[in-house]
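K.L.:
So the sequence lines, in the order shown, correspond to chains Z and V. The numbering of the first sequence is our numbering, which starts it at 427 and goes up by one. The numbering of the second sequence is our numbering, which starts it at 71 and goes up by one.
Do not rely on the hints blindly, as some may be mistaken.
Quick partial rundown of chain Z residues pointing at chain V, CB under 8 Å, derived from the structure [as the list claims (entries may be wrong)]:
#1 454
#2 458
#3 469
#4 470
#5 473
#6 475
#7 477
#8 525
#9 527
#10 529
Honestly, the hints are just simulated from the structure, not real lab data. Glycine residues also receive a C-beta, built at the ideal position from the N, C-alpha and C atoms.
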Amino acid sequence: QKEVEQNSGPLSVPEGAIASLNCTYSDRGSQSFFWYRQYSGKSPELIMFIYSNGDKEDGRFTAQLNKASQYVSLLIRDSQPSDSATYLCAVRPIMEYGNKLVFGAGTILRVKS
Amino acid sequence: GAVVSQHPSRVICKSGTSVKIECRSLDFQATTMFWYRQFPKQSLMLMATSNEGSKATYEQGVEKDKFLINHASLTLSTLTVTSAHPEDSSFYICSAPWGTQETQYFGPGTRLLVL
Chain Z
427 QKEVEQNSGP LSVPEGAIAS LNCTYSDRGS QSFFWYRQYS GKSPELIMFI
477 YSNGDKEDGR FTAQLNKASQ YVSLLIRDSQ PSDSATYLCA VRPIMEYGNK
527 LVFGAGTILR VKS
Chain V
71 GAVVSQHPSR VICKSGTSVK IECRSLDFQA TTMFWYRQFP KQSLMLMATS
121 NEGSKATYEQ GVEKDKFLIN HASLTLSTLT VTSAHPEDSS FYICSAPWGT
171 QETQYFGPGT RLLVL
């Protein structure tokens, strides 16, 4: 069974701090990794994706991928109250799975001003 | 990024009626679309994969006769909840893949309330 695990939280950080969100996955052959943000009552919106080992930066967001350890993380620098949301990690397993994604249950982030 | 729309955004219906939800890819074509359901404070649950020109693929435990999916064109998939009951009340969200990584872009969702 293909699984994606996230700490449900809530993760509380003060405004301006770095928020670190982690995700582990079970399928070693997974190819692509995605981070989505979901505000309460809204649908998920894409933050970024990563498919190569290492770091990928986009503004205040940095995704980190370590395929050997099967984890992917998202760092949010200078956290703002507007970053308070549920963050979903999604993984695309090996190609025979089609282009379906496997989602984690999400981590609730609360940024306190 | 790609834009996906859904209609209606909110629907209230009586128990026993059928409800149709539309999912459209506005600026790209999608041979595949996905339908999810999300109950309050729970994670996304994939219901089915909608395939243009062929039958949908349902996830285990999802009743295909209750949740009818039609993907009649490259920009439109519909989900019909037949004989809806209060337990079908949920947030239904569609997505479509786009781009080199087949990134899934989500529609805004449809909130269904069955009385």
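K.L.:
Hint by hint, note whether the structure agrees.
P.N.:
Verification of the hints:
{"no.": "1", "hint": "454", "result": "violated, 19 Å"}
{"no.": "2", "hint": "458", "result": "holds, 5 Å"}
{"no.": "3", "hint": "469", "result": "holds, 4 Å"}
{"no.": "4", "hint": "470", "result": "holds, 5 Å"}
{"no.": "5", "hint": "473", "result": "violated, 11 Å"}
{"no.": "6", "hint": "475", "result": "holds, 5 Å"}
{"no.": "7", "hint": "477", "result": "holds, 6 Å"}
{"no.": "8", "hint": "525", "result": "holds, 4 Å"}
{"no.": "9", "hint": "527", "result": "holds, 6 Å"}
{"no.": "10", "hint": "529", "result": "holds, 5 Å"}
The structure shown violates the earlier hints numbered 1, 5.
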